[in-house]
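A.B. asks: Chains as they are written, first to last, in this note's numbering: chain Z, -18 to 162; chain U, 231 to 1185; chain X, 12 to 109.
Think of the hints as simulated: they come from the structure by calculation, not from any bench.
Predicted, not measured: the structure shown is a model, and the values here were computed from it.
Possibly wrong hints are sitting among the right ones.
Claimed, not checked - Partial pick of chain Z residues on the chain X-facing surface, computed with a CB cut under 7 Å:
(1) 39
(2) 94
(3) 109
(4) 110
(5) 116
(6) 120
Said to hold, decoys possible - Within a straight-line C-alpha distance of at most 25 Å, the following computed BS3-like cross-link-like pairs (lysine-lysine) qualify:
(7) 13/X / 478/U
(8) 62/X / 389/U
(9) 336/U / 389/U
Said to hold, decoys possible - Not close to chain X: a few residues of chain U, all C-beta gaps over 12 Å, as computed:
(10) 263
(11) 383
(12) 461
(13) 751
(14) 770
(15) 871
(16) 897
(17) 930
(18) 981
(19) 984
(20) 1040
(21) 1079
(22) 1090
(23) 1157
(24) 1170
We put the CB at the ideal spot given by N, CA and C, even for glycine.
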Amino acid sequence: MSALVLESRQRRDRIGLKGPRAAQWLIANGIASPPEPNTWMLCGENPGSDALLVARLGATEFFLEDGAAGMKLKDIAPDLDENPPGVYPVLREDFALSLGGARVHDVLAQVCNVNFSALSLEARPLIMTLMIGVSVLVVPQGAAAERQYRIWCDPTFGPYLGESLGAVVIECGGRYTGACG
Amino acid sequence: MMHRLDVQPGECLDRRQVLNFSFEGRNYQGYAGDTLSSALAAAGVAYLARSFKYHRPRGILSFANHDSNTLLQVDGVPNVRGDVTLLREGMRVSAINTFGGLAHDKARVLDRFARLLPVGFYYKAFHSKRLFAVWERMFRALTGLGEVNLGAAREATPKRYGFCDVLVIGAGPSGLSAALAAAENGAQVALVDESLTPAGNGAPAALLDAVHASNAITHFPATVAAGYYADHWVALASATHMTKMRAKAVVFATGVIAQPAVFRNNDLPGVMLAAGAARLLAHYGVAPGRRVVFIAANLEAYLHCLEFHARGVPIAAIVELRAAPDDHAAVTACAAAGISVLPAHAPYEAICGPDGAVAALLVAPLNVAGQIDAGATRRLECDAILMSVGWAAAAQLFLQAGGSTRFLDALQQFVPQELPSGIFAAGRLNGVYDIDARLADGRRAGSQAAAHAGFGAPSSAVIARSKRCPSHPFPIIDHPRGKNFVDFDEDLQVKDLENAAQEGFDSSELLKRYSTVGMGPSQGKHSNMNALRILARYRGIGVEALGLTTSRPMYHPVPMKLLAGRSFYPERRTPVDAQHAAWGAVWMAAGNWRRPEYYAVSGESRAESIDAEVHAVRGAVGIIDVGTLGKIEVHGPDAAELLDRVYAGRYSDLKVGMTRYGLMLDESGVIIDDGVIARLGEQLFYFTTTTGGSATVFRELLRLNALWGLDCALMNVTGHRAAFNFAGPFSREILQGLTDIDLRDEAFPYLAVRSGKVAGTAVRLMRVGFVGELGYEIHMAAGNAVEVWQALCASGKPKGLRPFGVEAQRVLRLEKGHFIVGQDTDGLTDPYEANAMWAVAMKKPFFVGQRSLRILQARGPRQKLMGIELAAATPLPKECHLVIEQDAIAGRVTSVTHSRTLNRSIGLAMLSPALAEIGRDIRIRVDDGAMLAARVVAAPFYDPKNLRQRVDFRS
Amino acid sequence: MKVMVCPLNGPRPVSEFAYGGEIRTSPNPDTCSDAEWSAYVFNRSGSPGAKYEWWCHIASGFWFAVLRDTTRDVVVATYPAEAVRCGLTPLPAGGASA
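Using the sequences plus the hints, can you model the full thing?
C.D. replies: Have a look at this one:
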């Protein structure tokens, strides 16, 4: 199992979509939309660095994040600027973290009341919860041994969440690294 | 005298590793594996503490952390539990609750004045108001255990959430077999036990091995399940951290707690519970004495006796309270070993030797009615008295979980009766005593708990309770001179409880509170059962009619540091936090934000800095970070309709590109929030809320939108958008140099909103007047805020720009007469009272609060928010100082400041309607009772005609 | 701490939720008397029994309705907000346990 690392992931394009026609609009723009609420999927030919993460938050809201080398959100921006009816873009300047490696569940158990280690990843669940008092969006990725948790929160809580999680990670023998794309 | 024996089979010590420590200044040695109590016992130290009230010497009683006799001060840490704390090299240990050391405690005289300290003493003492202070001083000096080191460093301990299918509390035979049965059914099991070294308490070795081999069982040794909370949430406290364990089902295998016999001087060092002495012997190789007397009322006494005999501890006699011991091989074996048994005898008085410890026991015949023949006492020489007379169910946590119990006469024990859903009990707690039955009962409970959690089918086994009675119905012996202790923590004697009952406190709950029985550190573990028996005898009823008291969580003492955990304080910072710091920001907390109160400049006082910031805005230009304002977008065909309903003003007729003030009311018509609503498109509005209201206002709007089902969507972008207010006579000139938006008055009038670019960044620009100067609120994506801030500061600096903080903004807005929701208004202020009806469109078909406003309109205001001014020389009153008229309260100051711009003091005050007239003189009472003269004046104080908005930047 | 089942997010501890008060029907503000309106605004029934309540899952901003038996402090059922618009099943008078 890899070493415990908490990474800050700020340099990616993100956007939110809300509205009764948001799901249809995504499909019309060639972006697969997760059919179930609170699930996510990766969209793109190369599931590596350019894949677009599409997360469905409830019934009519989506959160999209481009991969480190992704261009998809830049491609669709002009279309969104034309105010398609029933599709409302949401500014997402989230603070983003990625947590993974040995003892990752040890860290999560100290900051969150959700039992992440018991999650079944087959349904690609997405969790909206409170982590040490901050609303977060959590997407678990990867098989058990290589489990990574992507975590997003309001950017104004970012320094607090990053520093607090980082301190727990370091105490558990891990590292907290700065921006890694 | 207690002493260490040679190596005992199965002991927990590593005798190759000698540890040095000190107690009360003297040096001793113990072994690795020793607890503080066992090491002191092995060293022959009989006294470990002074008792709480009478300062009597005390030694080991339960050796199970079920009494407060072995609380110790260790390396500056108070109330360390000697029974369960491992010895470490170099520990400096001292006794607690002494005045001048354990041996020469000055307070030991209190023992001779015991009759002056009757039950309910505190209540009686504090009854007199005249002597209250005298008693208070005395009690504060005398009471309390241990000494807190106020200079101790903060220890942040981790707190964690735990999850399991089945939580088993207690790792004795029934707990172990419950854990294994649940694990075999497929459940994930957590097994908790408070012992330092869970040895199974008599469980077969094969079971212990199987439990340790199971991957499905997580062990929590040396951990106390200290509190039960709703939905199977249990606080697990270990020495280093707290685990909040959420289980799907819980098995209580908490067992029973050994109970003392109550007789005169039963608290002398050397009088111990046999179960504790047996553990000291088996695990730590410590013999309780060289001549031991057992006080017996159950089979366990004989089993222990054989164990002591086998290990070479001389036994003087067994004093048997019952008419005859059990018909059991162990009893026969004791007789065969030549141990004399005195049936139908009771301990009458323990005799104190010259060393302060027990030297002999007077015993007396006991008839079937439970009466002592005090004229026929016999003296048994001994240096240790071991009691095995009965047990009390460890049901505290079970009761917290909502279970109910009933008292079984045949067992003389409370057993679980009603089990809440998902709660199971097993073993001796259930009244099941024989080892095979305990194992079977554990398997049953484990299987049923696993099935409740969704694993396997539940066992339908029925396990019979013990046929032998393990507890004596009344192991309490009266003595005319008393000192027969029931509660060792609180120094309560038999007569104290009887007196309390006689004074009318004769239910178990009242008795507990009045006498304090069970309220000491051990929470009644060794005292509640005997206290109930005494109360039952006094009232002539059975124990079953009284019932158990429920201890509240934590039922077992838990260090504060475990409860505090790491102490997380969520704090919000705006994107230009570092820029504020660079300007010398002095921080203040605003809700969970940190904001600059003002910017410190070397050579300036706080007041001077705030003044200079105000001056910069009035005379040149200033910038304030208003990113803490709530920022919400609403999109969709019904966006205007939603705003029309939730705000008191009208927004459906607001032109695209314009803003309008918004006042939010609750259903009773009270002002709850305000902000600025900007229309960016036919179906798109962007609006702000107060800093403190952003989360709750957004949440309430979501609720109303869900309730009404309007075709619009709300987004909270508070943290995703940054915002600055750039204000002052030079603001337009400077900003025009950084933006493509045409800022001329005709293109961008007051209260307009425009989208464009500032310093190359997409922004929303609003022309606002909150601080009373030409000004622009600049809203942009959080990620671009730093570059915009820096561009504005760089361009503004040559013109005298200063960033200004919350304090300067308060002065500026007050000069303009703007109220702050929550400061100038309170939970009863309506728009009439706040003079804000200009922001209310009563003719709209509906808005929240409208119906109540109609009623309020007819009733007329009960108070009015008015401007006030004071002469420059008058000292400044404080916010909330009262306005007095004809010796009655007639209002209060809500905001006040000295305005250097206006050279007088100004403020807002909520006044009774009679005073709310321009020109009226009022009087304000300040802290020292002095009255200040003030006058009601028209607000705004500064630029009432809003001429500053018309200044052309070219002029 | 209690666990509540959110219709969107599943079982979560109550610390993840905000309470929004009892779900009550407003009288028609245009036709009701001042007394009726005042009673609606200021009076709450504290009697124990089954009640419909508003609850919000904080992290997702999701509002839903809860049928809670306050006698036993048990969440009997939860419903999405649409159910409130469509009309919840009326409770027996006096709020008897469901």
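A.B. asks: Which hint numbers does the structure go against, in order from smallest to largest?
C.D. replies: Of the numbered hints, 6, 8, 9, 12, 16, 17 and 21 do not hold.
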